[in-house]
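> Take the sequences, apply the hints, and build the full model.
Number of protein chains: 2
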Amino acid sequence: MSEVRRDIVTDTWVIVDTDNDKLPKLPGVDFKPSRGCPFCAGNEAQTPPELYAIRNQDSADGPGWKVRVIPNIKPILQEDGELKKTGVGVYDMVSGVGANEVIIETPEHIINFFELSEEQIGFVLKVYQQRIIALQKDSRIRYVLIFKNHRPQAGASTIEHTHSDLIGLPAIPIRIKQKLNGAREYYGFKERCIFCDIIKQELEMADRLVFQSENFVVITPYASRFPFEMLIIPREHSYSYKLTDEFQFKDLAGVLKKVCKILNDVVDDPPYNLILNDCPNLLPRQDYWKTIKADFHWHIELTPRLYRTTGFELGTGFYINRYAPERAAAVLRKNL
Amino acid sequence: MSEVRRDIVTDTWVIVDTDNDKLPKLPGVDFKPSRGCPFCAGNEAQTPPELYAIRNQDSADGPGWKVRVIPNIKPILQEDGELKKTGVGVYDMVSGVGANEVIIETPEHIINFFELSEEQIGFVLKVYQQRIIALQKDSRIRYVLIFKNHRPQAGASTIEHTHSDLIGLPAIPIRIKQKLNGAREYYGFKERCIFCDIIKQELEMADRLVFQSENFVVITPYASRFPFEMLIIPREHSYSYKLTDEFQFKDLAGVLKKVCKILNDVVDDPPYNLILNDCPNLLPRQDYWKTIKADFHWHIELTPRLYRTTGFELGTGFYINRYAPERAAAVLRKNL
Numbered sequence: 006m007s008e009v010r011r012d013i014v015t016d017t018w019v020i021v022d023t024d025n026d027k028l029p030k031l032p033g034v035d036f037k038p039s040r041g042c043p044f045c046a047g048n049e050a051q052t053p054p055e056l057y058a059i060r061n062q063d064s065a066d067g068p069g070w071k072v073r074v075i076p077n078i079k080p081i082l083q084e085d086g087e088l089k090k091t092g093v094g095v096y097d098m099v100s101g102v103g104a105n106e107v108i109i110e111t112p113e114h115i116i117n118f119f120e121l122s123e124e125q126i127g128f129v130l131k132v133y134q135q136r137i138i139a140l141q142k143d144s145r146i147r148y149v150l151i152f153k154n155h156r157p158q159a160g161a162s163t164i165e166h167t168h169s170d171l172i173g174l175p176a177i178p179i180r181i182k183q184k185l186n187g188a189r190e191y192y193g194f195k196e197r198c199i200f201c202d203i204i205k206q207e208l209e210m211a212d213r214l215v216f217q218s219e220n221f222v223v224i225t226p227y228a229s230r231f232p233f234e235m236l237i238i239p240r241e242h243s244y245s246y247k248l249t250d251e252f253q254f255k256d257l258a259g260v261l262k263k264v265c266k267i268l269n270d271v272v273d274d275p276p277y278n279l280i281l282n283d284c285p286n287l288l289p290r291q292d293y294w295k296t297i298k299a300d301f302h303w304h305i306e307l308t309p310r311l312y313r314t315t316g317f318e319l320g321t322g323f324y325i326n327r328y329a330p331e332r333a334a335a336v337l338r339k340n341l
Numbered sequence: 006m007s008e009v010r011r012d013i014v015t016d017t018w019v020i021v022d023t024d025n026d027k028l029p030k031l032p033g034v035d036f037k038p039s040r041g042c043p044f045c046a047g048n049e050a051q052t053p054p055e056l057y058a059i060r061n062q063d064s065a066d067g068p069g070w071k072v073r074v075i076p077n078i079k080p081i082l083q084e085d086g087e088l089k090k091t092g093v094g095v096y097d098m099v100s101g102v103g104a105n106e107v108i109i110e111t112p113e114h115i116i117n118f119f120e121l122s123e124e125q126i127g128f129v130l131k132v133y134q135q136r137i138i139a140l141q142k143d144s145r146i147r148y149v150l151i152f153k154n155h156r157p158q159a160g161a162s163t164i165e166h167t168h169s170d171l172i173g174l175p176a177i178p179i180r181i182k183q184k185l186n187g188a189r190e191y192y193g194f195k196e197r198c199i200f201c202d203i204i205k206q207e208l209e210m211a212d213r214l215v216f217q218s219e220n221f222v223v224i225t226p227y228a229s230r231f232p233f234e235m236l237i238i239p240r241e242h243s244y245s246y247k248l249t250d251e252f253q254f255k256d257l258a259g260v261l262k263k264v265c266k267i268l269n270d271v272v273d274d275p276p277y278n279l280i281l282n283d284c285p286n287l288l289p290r291q292d293y294w295k296t297i298k299a300d301f302h303w304h305i306e307l308t309p310r311l312y313r314t315t316g317f318e319l320g321t322g323f324y325i326n327r328y329a330p331e332r333a334a335a336v337l338r339k340n341l
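These protein sequence lines map, in sequence, to chains A and B.
Number 276 in the working numbering belongs to position 271 of the first sequence; there are no gaps in the numbering.
Number 81 in the working numbering belongs to position 76 of the second sequence; there are no gaps in the numbering.
Where hints are given, some of them may not hold.
Unchecked claim - With a straight-line Cα cutoff of 25 Å, these simulated DSS-like cross-link-like pairs (lysine-lysine) come out:
#, chain 1, residue 1, chain 2, residue 2
1, B, K90, B, K142
2, B, K263, A, K27
3, A, K142, A, K182
4, A, K195, B, K90
5, A, K339, B, K27
6, B, K142, A, K27
Unchecked claim - Label-pair distances were calculated between CB atoms; the ranges are:
#, chain 1, residue 1, chain 2, residue 2, range
7, B, N48, A, K195, 53 to 59 Å
8, A, A299, B, L341, 54 to 60 Å
9, A, A299, B, Q206, 39 to 45 Å
10, A, K266, B, K89, 37 to 43 Å
11, B, Q206, A, I78, 49 to 55 Å
If you're looking for bench data, these hints aren't it; they were derived computationally from the structure.
Where is the CB? At the ideal position from N, CA and C, for every residue including glycine.
Encoded structure:
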């Protein structure tokens, strides 16, 4: 069981496992040997039954798939149960309901995302969309987060086979809220999308532009928190990843393969996170989100984890970045 | 040189080093051998001249000190220069002025903070106060953050000799702002300090209470982000660490030694951060802070770093804590 607890002072939410009594240990930096990888084709019986898959043939939980979605074997949120909001004295709590899924990106034992073919990455991107659409039919789920942790230093689990994580949350996370509110305020003031303005300025200034494709722009953000942080954003205004079409998926697959490849070429196999920033589930509070189609613009964050966060970042939310984004963009462009 | 840049969407500030052109590398988890530790008594010449010290005799930069404050040898902010706020197209920038200091906590080569005597910790706590008072005379400095990084996994530098870091910032960090705003809103609504209400409730409920001293209460917070996270807070309302007196320092020294010791006993020498959350510098914007004496309550956060943050925490500001604070408090109490 778990509870989703809110820090009433800072509005930070924490999913607390109230059952586990195993003392935590310092995590290692190495993967366990991958004999009998449960994510490889042929080993489907080692995982829970699949929730969704792109497959050639109709044989759930057998081989013949291209991308396979399974429940997380250590779920932190429960699928079943009512979304209850409770006060605990001065505190706020929401019941720990939500979705925990793992998206296995290939039947082959490939470790690096950029080693997947563009076609394969395209399948993965389509599955992201399908899962978001499916889960947003559930009004208990307020936000669907899809992300990748590459290497243990970026929080990867002990399974190295390339995969993405999906968590469907019963509350909108604070960083997403900050983005939604920032974008809404800016729009209220200027009647322009803040992200569209950022794209326009970055294309004009060009010093933080890594490259652009037909539909996407890749930049190192002005206030990059990490060296070689990148923002991948659709050139045309679009409030939701759910609207992405076949042509854009094809283009985005090429863009993602390229950014991960050049990052790998510049800094030898760095730990990184890839985070899809989509709009929240609009179903539960449609009135509240009525301006979101104009003011929000979905995007992907790529954050290499080459510096460890210290008490400074943890205590403040301030970051120190000792490698300027203009310099990072120049180095990345040279490796295109 | 550095620039302090604001992410206009999320209001996250980043100090960007605009000079460094050395490519970042993945940090290791081991300390370098400590032969000729520059922080040990006798090696004062290996550090920049001291800014402040508690010493027995009048011989700056020689031995005979108890606690010694030096400038950081790799400062990220410059001491000199005007506080300039500049717009860069749609972006905001503040000049990189501020303070970067290191507080060497003992002349002896001691690695673990809890191995210092209570008297010695008392000296350290007094030096914290002296530095905050000195730096807050400079109205360019908006916030003075003092923190400890214990072990490399918590972001410690390559020097193991126990020390604290101080950064004087030209902008108030977002996590502190969230706390200030949360506390102000609560006070505006209830006319009570939110932290005083938390203390009252935790003393009544008792399941997250670790221990209490004459002047301080130690709890595992309701929405603990990390296993064994602890909050050390003065029992009586006090908006600033600057008001702490000799008796309270003596008491706090014993409390801090104890919490670090029991944490070490429960989880073998865990990496952790210790973060002093004081009020901001009130000098530059006295009108804006006119209610702060009633609504804010200083405190210390102790955050063991037993789980690595993944793309989930980074992308959302949401946390997953697989060891409930009630359970952590019970284990800590057993080790008192």
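> The structure should be examined with respect to each hint, and the outcome stated for every one.
Hints, one by one, checked against the model:
A distance of roughly 20 Å separates the Cα atoms of K90 (chain B) and K142 (chain B); the hinted pair therefore holds under the 25 Å criterion. Pair hint K263 (chain B) plus K27 (chain A) holds up; C-alpha atoms about 23 Å apart against a cutoff of 25 Å. With a C-alpha separation of about 21 Å, the suggested pairing of K142 (chain A) with K182 (chain A) holds against the 25 Å cut-off. Pair hint K195 (chain A) plus K90 (chain B) holds up; C-alpha atoms about 21 Å apart against a cutoff of 25 Å.
Restraint check for K339 (chain A) and K27 (chain B): satisfied, since their Cα atoms lie roughly 16 Å apart, inside the 25 Å limit. Among the hinted pairs, K142 (chain B) with K27 (chain A) is inconsistent with the structure: their alpha-carbon atoms are about 48 Å apart, more than 25 Å. In this structure the hint that N48 (chain B) and K195 (chain A) lie 53 to 59 Å apart at CB holds, the actual value being about 56 Å. The given range of 54 to 60 Å is respected by A299 (chain A) and L341 (chain B), whose C-beta atoms sit roughly 57 Å from each other.
Checked against the given bound of 39 to 45 Å, the beta carbons of A299 (chain A) and Q206 (chain B), roughly 42 Å apart, stay inside it. Take K266 (chain A) and K89 (chain B): their Cβ atoms lie about 40 Å apart, and the range 37 to 43 Å holds. A hinted range of 49 to 55 Å is violated for the C-beta pair Q206 (chain B) and I78 (chain A), which are about 36 Å apart.
This entry does not satisfy hints 6 and 11, going by the numbered hints stated previously.
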